[in-house]
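S.K.: One letter stands for each residue in the lines below.
Number of protein chains: 4
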Amino acid sequence: MRKLKMGMIGGGKNAFIGAIHRIAANMDGLVELHCGAFSSNPEISRESGKELFLPEEKCYATYQEMIVKESGLTAGQRMDFVTIVTPNFAHFAPAMMALDHGFHVLIDKPMTLSLDEAKQLQQKVNETGLILCLTHTYSGYPMVKQARKMVADNELGKIRKVMVEYTQGWLSSLFENEGNKQAIWRTDPAKSGISGCMGDIGTHAAQLAEYISGTKIIQMCADINIVVEGRKLDDDGNVLLKFDNGANGILVATQIATGEENGLKIKIYGEKGGLEWHQMEPNSLIIKWPDVPTQIYRTGNSYLSNNAMANTRTPSGHPEGYLEAFANLYKNFALTLSSILEGKTPSAEMLDFPSVDDGVRGMAFIENVIASGKSEQKWFDFKI
Amino acid sequence: MRKLKMGMIGGGKNAFIGAIHRIAANMDGLVELHCGAFSSNPEISRESGKELFLPEEKCYATYQEMIVKESGLTAGQRMDFVTIVTPNFAHFAPAMMALDHGFHVLIDKPMTLSLDEAKQLQQKVNETGLILCLTHTYSGYPMVKQARKMVADNELGKIRKVMVEYTQGWLSSLFENEGNKQAIWRTDPAKSGISGCMGDIGTHAAQLAEYISGTKIIQMCADINIVVEGRKLDDDGNVLLKFDNGANGILVATQIATGEENGLKIKIYGEKGGLEWHQMEPNSLIIKWPDVPTQIYRTGNSYLSNNAMANTRTPSGHPEGYLEAFANLYKNFALTLSSILEGKTPSAEMLDFPSVDDGVRGMAFIENVIASGKSEQKWFDFKI
Amino acid sequence: MRKLKMGMIGGGKNAFIGAIHRIAANMDGLVELHCGAFSSNPEISRESGKELFLPEEKCYATYQEMIVKESGLTAGQRMDFVTIVTPNFAHFAPAMMALDHGFHVLIDKPMTLSLDEAKQLQQKVNETGLILCLTHTYSGYPMVKQARKMVADNELGKIRKVMVEYTQGWLSSLFENEGNKQAIWRTDPAKSGISGCMGDIGTHAAQLAEYISGTKIIQMCADINIVVEGRKLDDDGNVLLKFDNGANGILVATQIATGEENGLKIKIYGEKGGLEWHQMEPNSLIIKWPDVPTQIYRTGNSYLSNNAMANTRTPSGHPEGYLEAFANLYKNFALTLSSILEGKTPSAEMLDFPSVDDGVRGMAFIENVIASGKSEQKWFDFKI
Amino acid sequence: MRKLKMGMIGGGKNAFIGAIHRIAANMDGLVELHCGAFSSNPEISRESGKELFLPEEKCYATYQEMIVKESGLTAGQRMDFVTIVTPNFAHFAPAMMALDHGFHVLIDKPMTLSLDEAKQLQQKVNETGLILCLTHTYSGYPMVKQARKMVADNELGKIRKVMVEYTQGWLSSLFENEGNKQAIWRTDPAKSGISGCMGDIGTHAAQLAEYISGTKIIQMCADINIVVEGRKLDDDGNVLLKFDNGANGILVATQIATGEENGLKIKIYGEKGGLEWHQMEPNSLIIKWPDVPTQIYRTGNSYLSNNAMANTRTPSGHPEGYLEAFANLYKNFALTLSSILEGKTPSAEMLDFPSVDDGVRGMAFIENVIASGKSEQKWFDFKI
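Residue numbers (the numbering used here), protein chains in the order written: chain A, 1 to 384; chain B, 1 to 384; chain C, 1 to 384; chain D, 1 to 384.
Derived from the structure by calculation, the hints contain no laboratory data. A hint or two may mislead.
Because identical chains share one entry, a pair is satisfied inside a single copy or across any pair of copies.
What the hints assert, rightly or not - Straight-line C-alpha distance at most 25 Å; calculated DSS-like pairs for lysine-lysine:
id: 1; residue 1: Lys158; residue 2: Lys272
id: 2; residue 1: Lys378; residue 2: Lys124
id: 3; residue 1: Lys232; residue 2: Lys149
id: 4; residue 1: Lys232; residue 2: Lys191
id: 5; residue 1: Lys58; residue 2: Lys3
id: 6; residue 1: Lys69; residue 2: Lys181
id: 7; residue 1: Lys383; residue 2: Lys69
id: 8; residue 1: Lys5; residue 2: Lys50
id: 9; residue 1: Lys378; residue 2: Lys50
id: 10; residue 1: Lys344; residue 2: Lys13
id: 11; residue 1: Lys69; residue 2: Lys149
id: 12; residue 1: Lys272; residue 2: Lys181
id: 13; residue 1: Lys232; residue 2: Lys272
id: 14; residue 1: Lys3; residue 2: Lys232
id: 15; residue 1: Lys124; residue 2: Lys181
id: 16; residue 1: Lys344; residue 2: Lys50
id: 17; residue 1: Lys216; residue 2: Lys378
id: 18; residue 1: Lys13; residue 2: Lys58
id: 19; residue 1: Lys119; residue 2: Lys378
id: 20; residue 1: Lys50; residue 2: Lys13
id: 21; residue 1: Lys50; residue 2: Lys3
id: 22; residue 1: Lys149; residue 2: Lys3
id: 23; residue 1: Lys374; residue 2: Lys149
id: 24; residue 1: Lys232; residue 2: Lys158
id: 25; residue 1: Lys232; residue 2: Lys181
id: 26; residue 1: Lys374; residue 2: Lys344
id: 27; residue 1: Lys378; residue 2: Lys69
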């Protein structure tokens, strides 16, 4: 095994998510930043790379140049994978090009601008046999993995109800008019696609609900809103859900919940017990029983599942957070790639990161939920 | 002012809510138990009264007997009001009879078995000028009153979103088949009416949402479920809401949330700030702002509104709970009656208890939400 | 069984703790206010009684008059017990007189002004065979009783460490100079005795620690402080503890913890597990284990001990608080008296309230902790 | 600026703290692992280095070899600093040697085996002008920095009381006899020095108390215990404190608090307000006031101090944890070194990491607290 070489697309100076990706990639020492096309502006790309201690020849003017030039290098000298941290509209083209040139891909969510693009990527991945990892960060938390395991092991019994909410307040005013870059592209249909809030955070909530519960949404009834006047994309929504195992559910995603930070919370109830997890206190998983005291499962304890432990770096009581969850995606992706490079079959634990199929499902969620919101029909079938 | 005399209908031995009512009535020393028809079984009524230290002649065999005999006594000797703590189906007749005989009424929620009955009661109350108090306990909490005041004072700005949930787990199995009296009548259409969960706890959630937000539900889209096989009434539901001020919302009421105790929680978001309150930690009201630290308002502190303080009995840090909230309804009702008895006009603070109009609204909520649940129409107008 | 008749000494208009006692006495309908000497000012006593709906002849000018006159009435007509809710300095004389006239006594803590008085009361109680209940409220909480039971049952193993703290902030400035009656007498040596903070709240902390742990303090090393300049009695202290089973501990009591409300918290660790309880969230008892998830025991659940359940009035999830804990003392005291009146032996559950022996121990705590604070000796033996 | 080259001493395969240091060093991409002497066993050192993707020539057999060889290289080619992650007894010699050869040093706490060694290191640092960073991790948390700033700005008024506790349960049994490497060296006087618990975690608590409060301990009265029979070093202690500004305090450090994970908590009270911080929920800082609602300051919000923000990597609501706090030490140390390398004066923010002076103070704390524990004198002066 060797350190994997990462080529980054996007994530130049002042970009939020690019910096997060680099921290996540750095954390475990399995990946090194090898090259980048950090900005559509070549000058900014060069400066950004320099700040990241890259040699000048590894700071490319465009992603096309990067992919072409790197693919001309020998294995071990060239980048092993690209990581795409641009706004949604600029995911598809570089991902396709990277796959076409034999590079694995790690990509921010939502995967593409449309379900159609997503399906094309899925087909390309299937054809090439390359790996695509989608950064649904929240499924990287150890206690989320513990929750999924306990559901899978039937500890809670048949799942009956899923309540997931993702509340943010940062768009409770027209923040996009105050020059905030994050707000600007996220509220711009040309850059974000057909959805704002549902695409940005609703997809996380839906993915988390399906990841933990092991069930799939099959019907929804959506109330999709533009609450702040003057905005072009949804900033709020409430959705009734039906799952394929018969469970019902509710999903709330909102960016106008004034005063909320990043309130992703989930509660799932089965015949035998219930669970609750809050992203903002991620090291506790609350398990509720009808006849015995509620239990608090905590990150880093020996009673946890192997997979939860494998995604933890510190002893119990040393809080891990968002960056560690993010790093778990990189770590598992890197272990998977390394395994493949060494001609081995990756283990199930290594493969525990969101894939291109999750990306397709996420884009389908966006298209279905927006369509349901516009429909006067009560129950809307989830179609892919 | 003198102690008010209470006649109780229902609440015999082993009844849950009757004991709660008596504690609430006792707490402030403003009300005394004067007589009762505690059971449809005269023997149990007598035994119950004896255990409550009533003289035998004040333990009536039937509520009819009680109302007739007491109405024959002179003012000050007879009961001042009846409190009705029977199951839903046995609310209407005694309430009407009591009003017809000139007695004020305190009544458990939901007020009646149907909206039609509720409207008749409302008409009777309006005709007689008597007082009817409905025990939506949760609006008796001081921090709920504080929340309502802060919304009314526009501290949060225009309200945009209301999220209310009421999760219980006690009906996650067929508890009604195990001899539990509470479960038996609550799941029996003949005793409970057309709804189980929505009538029992959904009404509380809706009342709380409207009480705090100062807005009214005008449309809903309900998913109403019987989750536990073999049950005859809904034990679970999720409802999308529209309010008359343009706000949207979500209401979840469920009794199959395995492991949950009595999880009534509400979050309300306005243009300027948000609030959060949990019934199980009722002495904290969380106020969230976009640009300054979150605040924790706590029961008993001098910075609270007069009305919150008037509904508090202890200094801050001495937790008050459900019984104190319940007692606040009795206290305000008693102060109102005393005021009327003395020929005075009750103050707004005294009158701060749910009235017959809330009872009508609650029954309308039940009928609308069940109808919406059965409808294939997405948005269903709230009709009274 | 009949309602017990209570005579109140102190607790006139605007008195804090008198109102609390009346609520606690009222709550379960086992006790009625029969008479009172509510103030050293006869006029205020009369007015106070009137507000409490007492007939004029039951509003006595002095406690002496009350005790003498009531003792002249026949059993069943006269008061059954006195409740003494005056400041510390006015506990001893009325308690002795009441006992001398054959009345049981309920008394606020600390029991007396000095250990010597306390011992005299103890002797009198022992001689007369009458019952004395001391209102260490916090031992009335159901989860405190659950904690005590789990320790007694050795669920936590041998107790090794006790950490108890009681933090208040209300005396962080010279509040006594602003006309606050509570502050004035509590900081006045003539009314409070040799200690302020340790007598007022340190005794609660010590009693709670011993009540739950089932062990007794045998040595202490105290740092007793007057933090706010100009005050005459301690307002703060930290104490190292040794217990008779070999455990060590720490006790903090402070009234200058600016911003704290009534922060009584206790943690106890044994060989096998630990427990944690916070008075301000009293319905949760946290039990910690080395190898399995932390458990949250909650008031009102069927898995609790009989005694915890017997001291609970509502189903789980309906929070009980300080007044219910206080009422549990009254209830158990009343059940004990009723049992005795009926010639029966009270059960252990009925007798679960602090007694005159706790009062002696509390006064000994005060005298020892103040002496230790003044001593230059490190470890100071707890002497009674 | 360029990436700084780190040479690691200790931290071979299966070592706990070495892995933590590498993550912390990696996180921000400012430091790269350049070489190491990872174990006193050359074979293990080599294997460990290989696993970390180091070339064989950079895996040294001994730290002496590493220091000598690296010092022979030219600047920019050789390591810039050493990081020492061995048990306590093996801190001093490599640190001295590194300083003697011109290398900056980052070192795990406690700094040395004795106060005398610490003073020698301090002298050497002062002579050489090199930088020594000591990893008191907890002062790296952004909300700890915010707390320190608010105290320094007098927002809480004059500090009067400090309550700090550090509770762990992992040594509640003789874990060292079960082969656990962490337990073995920590409970061995030859490897740990004269103290177990106080050295391991008491020092953290003391440093945190002084860091936030801006005051210094000047007297203590310690109760130091070996609770688990058969252990050679203290595993528990309670300490009364006096600070140089007149404040009093209490420090508890224990490793026998069965069921506790890593419970470092601090409360500080001033004349105007109080603060509370819990390491296990590190993104909230609770600020308490006498007359207005309690405030929750949260990591990542714009209302925080510049320094708190500079030590944060994610937006509010994205929890940061122990590794980020640890990485803040590395980051600030690296920025300081880079600044020096570039001939600039490091800013106060860069220099905000524990220094050799903190190391001396920590060793003095250990020697004083153990001596106080053995002394029969009540108050023991803190001597350096």
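S.K.: Are there hints from earlier that the structure breaks, and if so, what are their numbers?
M.R.: 2, 3, 6, 7, 9, 11, 14, 15, 19, 22, 23, 26, 27
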